[in-house]
Amino acid sequence: MVTKIMSWFDERLPITATIERHLTKYPAPINMNIWYLAGFLLIIVLVIQLVSGIWLLMSYEPTAEGAFASIQYIMRDVEYGWMIRYMHTTGASAFFALIYLHMFRGMMYGSYQKPRELLWVIGWLTYLLLCMLGFTGYVLPWGQMSFWAAQVIMSLFGSIPFIGEELLTWIRGDYLISGITLNRLFALHVVLLPLALIAVIFVHILALHEVGSNNPDGVDVKKFKDEDGVPLDTKPFFPYDIVHDLYAVGVFLIFFCFIMFFYPDGGGYVIEYVNYEAADNLKTPEHIVPSWYYTPYYAMLRAITFPLFGLSAKFLGFVVMAAGIAIFVALPWLDRSPVKSIRYKGVYSKFFLTLFVISFFVLGYLGSVASTPVRTILAQFFTCTYFAYFLLMPIYSKYEKCNPVPERVTLS
Amino acid sequence: MKFLTLLLLFFSANFFAASSAPCGNYIGDDLDHIGVCDDAEVDPTDKASLQRGAQMYMNYCLGCHSLKYSRYKRVAEDLEIPLELFKENLIFGDQKLGDLINIGMDPKEAKAWFGNTPPDLTLEAGLRGPDWIYTYLKSFYVDESRPLGVNNMVYENVGMPNVLFNMQGEQRSVCRKVPSKAANGGLKQDPLTGEILSIEKCGFLEVVAGTGEVTEEEFDANIRDLTNFMAYITDPAKVERETVGFYVILYLILFTILAYLLYREFKKDLH
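Protein sequence lines, in the order shown, are assigned to chains A and B. With the working numbering, the residue at position 356 of the first sequence is 356, and numbering never jumps. With the working numbering, the residue at position 65 of the second sequence is 65, and numbering never jumps.
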């Protein structure tokens with residue numbers, strides 16, 4: 001009976017074929033490690049964000065007059081509204097924490113190298129969309145930090161030579177940040193950006209399942225196949241990876257819920273304290289700091305303190321910041337190494353990747369505190385080392401001595 | 001592992017950076033560090049303290065400071081105050097139990113009177129932290145140069161009058177002789193007599209004896225109750241949230257154990 005129903009469907013819609021291709025017969029390398037969990041957890045967080053977002057939308061009021069009060073209405077008068085909101089705020093931070101780990105995994109094991117260049121580019125696109133979602137979502141509660149963060153970020157467009165001022169007015173829809181700005185950011189945050197994100201993630205997974213997963217050794221598992229044509233060093237994604245991921249989801253959710261239920265402010269990092277005050281365009285907060293996940297790029301923005309070639313320091317800072325986010329996309333073409341994984345790359349690759357991680361964290365720290373002359377110099381230095389990882393890569397990855405790569409995957 | 005250590009280091013450095021001196025010029029128990037707030041020791045489960053705090057708020061603060069995101073009824077229910085009793089004693093004017101806690105004062109006139117419109121305080125404990133509020137409330141002192149005759153150690157030149165003046169009594173900023181400290185942290189001594197040297201330090205707060213309605217300890221306890229109430233009103237779901245959170249995490253631990261056992265079973269297939 002069940003077979004009959006299934007074949008009725010299969011003749012009209014490739015249900016079984018899809019399940020086999022993407023789950024029960026998708027070959028996942030057997031040596032995948034803990035770093036490979038971030039991708040699956042990102043999907044979980046995406047679902048958390050979509051569901052909690054829809055419920056928040058039921059009570060949120062997207063107007064300059066009512067937004068802040070409607071958040072408090074959700075927190076106080078809506079049944080379990082506090083849970084829905086904290087789920088969404090914690091989810092935003094989790095999203096970024098996981099995507100950074102996911103990106104780092106790709107950089108470590110060379111998951112962007114041929115034939116996964118397009119997969120990497122599409123992944124970078126999800127990161128870009130996430131940044132936009134984070135920013136537009138952050139403005140919606142219309143607290144002091146929402147307002148002033150919007151002010152700072154949007155004013156960057158005003159620094160573009162010649163067209164800046166007009167472009168800025170066009171983006172804001174007003175001569176200053178106002179209810180009109182809030183409304184358009186709201187539209188982007190709840191309709192356009194999530195739609196785009198879902199579509200891009202879908203394509204990301206399609207591309208992944210076309211080229212197959214990379215692994216910590218960076219070797220091609222498709223080289224050695226059994227008599228059925230299944231790669232030897234792989235296991236079916238379902239059930240083997242799913243049960244592993246399920247266990248990881250449990251551990252992840254324990255951490256997630258611990259923050260969500262016991263430290264929803266995250267010490268001022270998940271929800272900034274200044275945002276407990278409603279937006280006031282006449283009162284600038286003492287320190288305007290972005291959410292923790294943007295702080296490395298904020299530090300880069302502030303690191304450029306000098307005008308050059310007739311361009312303002314602010315514009316140059318904006319360019320450097322944008323370049324810091326955009327440069328990831330060039331990785332597949334910057335890496336000239338014959339090997340994929342950091343395990344077999346030479347000492348220079350290891351050195352520069354470590355330097356990149358240190359730079360990222362130091363810049364993250366510097367972006368979250370008030371700037372002083374010493375901190376500015378530090379930010380300038382680490383901005384250089386951040387870019388050095390990328391820009392020197394064509395040289396050091398080509399000429400360094402790599403270790404021999406095994407034919408098949410290794411299991412530790 | 002190296003990565004995790006780095007991560008930990010990063011966050012510890014970050015949290016460290018956040019702990020500057022938030023309480024202005026206030027001198028607490030630790031003479032070396034000016035501006036460290038006293039600990040308000042808030043306890044959202046102490047219903048008696050919250051009830052006293054609510055009573056103080058409605059009587060002393062609500063004239064100027066609304067709690068416009070919160071409703072009377074919610075406060076009464078959370079604090080376990082019988083609705084009738086609450087309505088009779090803690091709601092002034094013709095407001096209803098289901099109403100938001102608004103005030104009748106005109107913001108424009110208030111600005112003319114105090115220089116600034118008194119802010120709504122529903123979320124103040126989230127913005128400043130309960131310790132700040134507690135320390136702020138006990139740090140008013142007589143300062144004739146100010147329009148209202150008082151100043152505040154935590155929030156210099158604040159526009160707010162000391163509404164608890166009668167309760168606390170006349171508090172003044174005084175100077176005291178304190179032992180002088182050497183660079184190494186020890187006390188400076190006279191090299192000949194061995195006597196400990198002292199220097200004069202100003203900014204200590206002292207209540208003129210007998211001027212207040214209550215003793216200093218009672219006053220501190222009162223504002224602790226008030227602070228406790230303000231911390232509650234910022235985050236009214238805290239107790240419920242942590243209770244629910246406890247069970248959620250307990251469930252997740254069970255789930256994770258089962259998921260792990262399942263994973264272990266399937267792992268056997270692979271070897």
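It is possible that part of the hints are untrue.
Stated by the list, open to error - With a Cα cut of at most 25 Å, we get these calculated SDA-like pairs of lysine to any residue:
no.	chain 1	residue 1	chain 2	residue 2
1	A	Lys25	B	Lys238
2	B	Lys73	A	Gln72
3	B	Lys268	A	Asp228
4	B	Lys267	A	Pro406
5	B	Lys268	A	Gly81
6	A	Lys283	B	Ala112
7	B	Lys238	A	Gly81
8	A	Lys25	B	Lys267
Said to hold, decoys possible - Which residues of chain B face chain A? A partial, calculated answer using Cβ under 8 Å:
no.	residue
9	Arg74
10	Gly126
11	Pro147
12	Leu148
13	Ala237
14	Val239
15	Val244
16	Leu252
17	Phe255
18	Phe266
Unchecked claim - From the derived model, a few chain B residues whose C-beta atoms are all more than 12 Å from chain A:
no.	residue
19	Cys64
20	Glu80
21	Pro119
22	Asp120
23	Leu123
24	Tyr141
25	Arg172
26	Lys181
Rather than coming from a laboratory, the hints here were simulated on the basis of the structure. Note that the coordinates shown come from a computational prediction; the quantities given were computed from them, not determined experimentally. Backbone N, C-alpha and C define an ideal beta-carbon position, used for all residues, glycine too.
Structure-based check of each hint:
{"no.": "1", "hint": "A/Lys25 <-> B/Lys238", "result": "47 Å, violated"}
{"no.": "2", "hint": "B/Lys73 <-> A/Gln72", "result": "16 Å, holds"}
{"no.": "3", "hint": "B/Lys268 <-> A/Asp228", "result": "22 Å, holds"}
{"no.": "4", "hint": "B/Lys267 <-> A/Pro406", "result": "24 Å, holds"}
{"no.": "5", "hint": "B/Lys268 <-> A/Gly81", "result": "44 Å, violated"}
{"no.": "6", "hint": "A/Lys283 <-> B/Ala112", "result": "18 Å, holds"}
{"no.": "7", "hint": "B/Lys238 <-> A/Gly81", "result": "13 Å, holds"}
{"no.": "8", "hint": "A/Lys25 <-> B/Lys267", "result": "17 Å, holds"}
{"no.": "9", "hint": "Arg74", "result": "7 Å, holds"}
{"no.": "10", "hint": "Gly126", "result": "4 Å, holds"}
{"no.": "11", "hint": "Pro147", "result": "21 Å, violated"}
{"no.": "12", "hint": "Leu148", "result": "22 Å, violated"}
{"no.": "13", "hint": "Ala237", "result": "4 Å, holds"}
{"no.": "14", "hint": "Val239", "result": "11 Å, violated"}
{"no.": "15", "hint": "Val244", "result": "7 Å, holds"}
{"no.": "16", "hint": "Leu252", "result": "5 Å, holds"}
{"no.": "17", "hint": "Phe255", "result": "5 Å, holds"}
{"no.": "18", "hint": "Phe266", "result": "5 Å, holds"}
{"no.": "19", "hint": "Cys64", "result": "17 Å, holds"}
{"no.": "20", "hint": "Glu80", "result": "18 Å, holds"}
{"no.": "21", "hint": "Pro119", "result": "8 Å, violated"}
{"no.": "22", "hint": "Asp120", "result": "8 Å, violated"}
{"no.": "23", "hint": "Leu123", "result": "4 Å, violated"}
{"no.": "24", "hint": "Tyr141", "result": "25 Å, holds"}
{"no.": "25", "hint": "Arg172", "result": "30 Å, holds"}
{"no.": "26", "hint": "Lys181", "result": "27 Å, holds"}
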